[in-house]
Amino acid sequence: MDAIILQILNGLDKGSAYALIALGLTLIFGTLGVVNFAHGALFMIGAFCAVTLSRLFSLSHKVAVPGETDFLGNPLMRDVPYIYDVFGEATGSAIIDWAVPLSILFAIPVMIAVGVIMERGLIKHFYKRPHADQILVTFGLAIVLQEVIKYYYGANPIPTPAPEMFKGSADLGILLGYEANSIIYPTWRLVYFGFAAVVIGAVFAFLQFTTFGMVVRAGMADRETVGLLGINIDKRFTIMFGLAAAVAGLAGVMYTPINSPNYHMGMDFLVLSFVVVVVGGMGSLPGAVAAGFLLGILESFASMREVINLIPGINQVIIYLVAIIILLTRPRGLMGRKGVMED
Amino acid sequence: MSKSDVTRRGVIKTGALAGAGLALPTYLSAASHSGFTNAPTGSTVTLGFNVPQSGPYADEGADELRAYELAVEHLNGGGDGGMLNTFSSKALEGNGIIGKKVEYVTGDTQTKSDAARASAKSMIEKDGAVMITGGSSSGVAVAVQALCQEAGVIFMAGLTHSNDTTGKDKRANGFRHFFNSYMSGAALAPILANNYGKDRKAYHLTADYNWGYTTEEAVRTSTEAMGWETVAAVKTPLTQTDFSSYIAPVLQSGADVLVLNHYGGNMVNSLTNAVQFGLREKQVNGKNFEIIVPLFSRLMARGAGANIKGIFGSANWHWSLPDEGSKAFVKSYGTKYGNPPSQAAHTCYVQTLLYADAVARAGSFNPCAVAEALEGFEFDGLGNGPTLYRAEDHQCFKDVLVVKGKENPTSEFDLLEIVEITPRGQVEYDASIFGGELGSCNPGA
Chain C
1 MDAIILQILN
11 GLDKGSAYAL
21 IALGLTLIFG
31 TLGVVNFAHG
41 ALFMIGAFCA
51 VTLSRLFSLS
61 HKVAVPGETD
71 FLGNPLMRDV
81 PYIYDVFGEA
91 TGSAIIDWAV
101 PLSILFAIPV
111 MIAVGVIMER
121 GLIKHFYKRP
131 HADQILVTFG
141 LAIVLQEVIK
151 YYYGANPIPT
161 PAPEMFKGSA
171 DLGILLGYEA
181 NSIIYPTWRL
191 VYFGFAAVVI
201 GAVFAFLQFT
211 TFGMVVRAGM
221 ADRETVGLLG
231 INIDKRFTIM
241 FGLAAAVAGL
251 AGVMYTPINS
261 PNYHMGMDFL
271 VLSFVVVVVG
281 GMGSLPGAVA
291 AGFLLGILES
301 FASMREVINL
311 IPGINQVIIY
321 LVAIIILLTR
331 PRGLMGRKGV
341 MED
Chain E
1001 MSKSDVTRRG
1011 VIKTGALAGA
1021 GLALPTYLSA
1031 ASHSGFTNAP
1041 TGSTVTLGFN
1051 VPQSGPYADE
1061 GADELRAYEL
1071 AVEHLNGGGD
1081 GGMLNTFSSK
1091 ALEGNGIIGK
1101 KVEYVTGDTQ
1111 TKSDAARASA
1121 KSMIEKDGAV
1131 MITGGSSSGV
1141 AVAVQALCQE
1151 AGVIFMAGLT
1161 HSNDTTGKDK
1171 RANGFRHFFN
1181 SYMSGAALAP
1191 ILANNYGKDR
1201 KAYHLTADYN
1211 WGYTTEEAVR
1221 TSTEAMGWET
1231 VAAVKTPLTQ
1241 TDFSSYIAPV
1251 LQSGADVLVL
1261 NHYGGNMVNS
1271 LTNAVQFGLR
1281 EKQVNGKNFE
1291 IIVPLFSRLM
1301 ARGAGANIKG
1311 IFGSANWHWS
1321 LPDEGSKAFV
1331 KSYGTKYGNP
1341 PSQAAHTCYV
1351 QTLLYADAVA
1361 RAGSFNPCAV
1371 AEALEGFEFD
1381 GLGNGPTLYR
1391 AEDHQCFKDV
1401 LVVKGKENPT
1411 SEFDLLEIVE
1421 ITPRGQVEYD
1431 ASIFGGELGS
1441 CNPGA
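Protein chains in written order, with my numbering: chain C, 1 to 343; chain E, 1001 to 1445.
These are calculated hints, taken from the structure and not from any lab test. Hints may be right or wrong, so weigh each one.
[As the list claims (entries may be wrong)] Mimicking SDA-like on lysine to any residue, the simulated pairs with C-alpha atoms at most 20 Å apart in a straight line are: (1) E:Lys1112 - C:Asp268; (2) E:Lys1331 - E:Arg1066; (3) C:Lys167 - E:Lys1309.
Bound conformation, chain C alone (with noise of 0.2 Å):
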């Protein structure tokens, strides 16, 4: 039972950034009708963000250490961040520390203007195009950035901790009932889903309890009859597109300390990302949401060693079994409307 509630738990961090990359994918189609395959760079974009401000915090100057020599048998340098001339040690290691969860403050601004940069500069031009034209152009522009991110930070991964106080993991067991040491799970893994839940609460409430967000989904079930009352009905979608590259950018801040970030991390999600999509339902946010969380549990059972001992290899294919099975059941997915992407 135990083995199964750590699954279950897998699943649902996992599920948190497949459903807060889904949800920002599934906004920009229901807003736009824009099949945006450079989402998962956004996430990839969203991660770097985090490494950039632990890098502007750990700006340093060399002092050399007495008695010790580097490599080539020169005086020892070492690294003194600016930061703690500023602050003291003390108070400036601690913003080193929490420079993950800072770097929330950093990206937000960052991401909107990715995006509204992204749709004004290159996606709108391409509103009234084939979705495979949509498709290409995107996939273009995530290759691009992706070669632009490791032009300056390399290929290898870049460790980007979370805070001391969140390293580790909590004994769940015992708040479950279980013995000790049964069910452990990473602290922050637990941060990250909590944080996901948070933000996929924040954009349903903003859509349901705002003006703004109600002229935003009368738009997406009818555009030309909002634009017939009057209403800039584009300018808006901008800012949702906007506020969907914020989404995916904070799911890749705060996944930093899960995965150290590469220029690849958006490309591995983007796939898995687009059959949550579909399987949740094109343009359906609360299905965006169930299928990234059902997806991501499945995924995590298929990789229990019994599992594969069972199903040889399912845990490789068990993501694109499962859509294939929804779509024959519910060509729409789970919760999809009709008439999207449909003629």
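Here the structure of chain C is known, so what remains is to put chain E in place on it, guided by the hints.
Using the frame of chain C, we list chain E on its own:
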């Protein structure tokens, strides 16, 4: 009286035909003529450096390329000479290779077998490369080695650790200086027994491709031989980024050791995930839970940050080795590039020198003459102690390093410490155990 039908014209005709017939096999036999693929004709010779310049191992490829450039500089008499000063063979004189100035072309393997073959083919056919070297993957090494065999050029492998490169997939035109999975297992096992005891239960997570299989097999065989039990071995997809769902079952398996048969990004992520799950603080079967990474790479270890502290693994070479050859190489490389070289850079630099030296000793660029000069060649002064290029499988035999993640690194390069230099005798094996046929050398042309 007998009548003879023999005529003068008939004898000449028959003799000419018989002569041509007898001469034909000799003419077609490669060994008998001096021609070979891309025989250098002018005052220069071109070498082909086939390294990953894009893709996940691009940083490792960049380090390899820097090492090749340094080797070319030293061969042409530039710089401080590096390991040419410590190399036991004195055939190289700093005037290129047998008087021909060394030039090079580069290709991008992308760490994909088909792309690596295409770039090697282009360097051989268009640029006239007489030797191909480099790479950071066993899949790529095996593919390019086979191509070089067909094309009739020498292949000096870069970083490739699978047993197959000089085992079942060995070729007469291919040579490997880097160590392999078998040697990692043989070197690690005694150290693991000394540090963790002989009563251990191991759980393997193995990258689902050729290198993963041979590494798992090598570590399993050597650890089981000293009393360890293998509880489970699970294959993980090469494209996996989050290993949490593979690590969670380890906690319930009763295992007290996790062996991560992963390299590169896989290793960084699986190790990070394992540490996040608190495995290293866990007590199982009354013992501290331990993690092992059979093949360590400093460049990759940097991605795992503090998670590698105290973790055992093996390496082909490390910049902190105190021998004169290593010191000379580190000084040359460090002065030129500002950081110590990786083991990938070391093996590529050494392979270039070994090739050049073999040409100089053979007095020819003919691949068959070069192969003959490398086969059974004993040398020293290149950083790993006395080394043998074994004739039977073209594998180098030398000391192997057992390393451990350093507890208190002084810089971003100072991540590993050498625990033991395992002597060559302890990692040697019979050349026939991995099967395969070396075949005969092909000079091409």
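**Item:** Lys1331 of chain E paired with Arg1066 of chain E [C-alpha distance capped at 20 Å]
**Value:** Given pair Lys1331 of chain E, Arg1066 of chain E holds - Cα atoms ~14 Å apart, limit 20 Å.
**Item:** 20 Å Cα cutoff - pair Lys167 of chain C, Lys1309 of chain E
**Value:** 15 Å, holds
**Message:** Between the alpha carbons of Lys1112 of chain E and Asp268 of chain C, is the straight-line distance 20 Å or under?
**Reply:** With a Cα-Cα distance of about 17 Å, the restraint between Lys1112 of chain E and Asp268 of chain C holds, given a limit of 20 Å.
Hint check: no violations occur; every hint is consistent with the structure.
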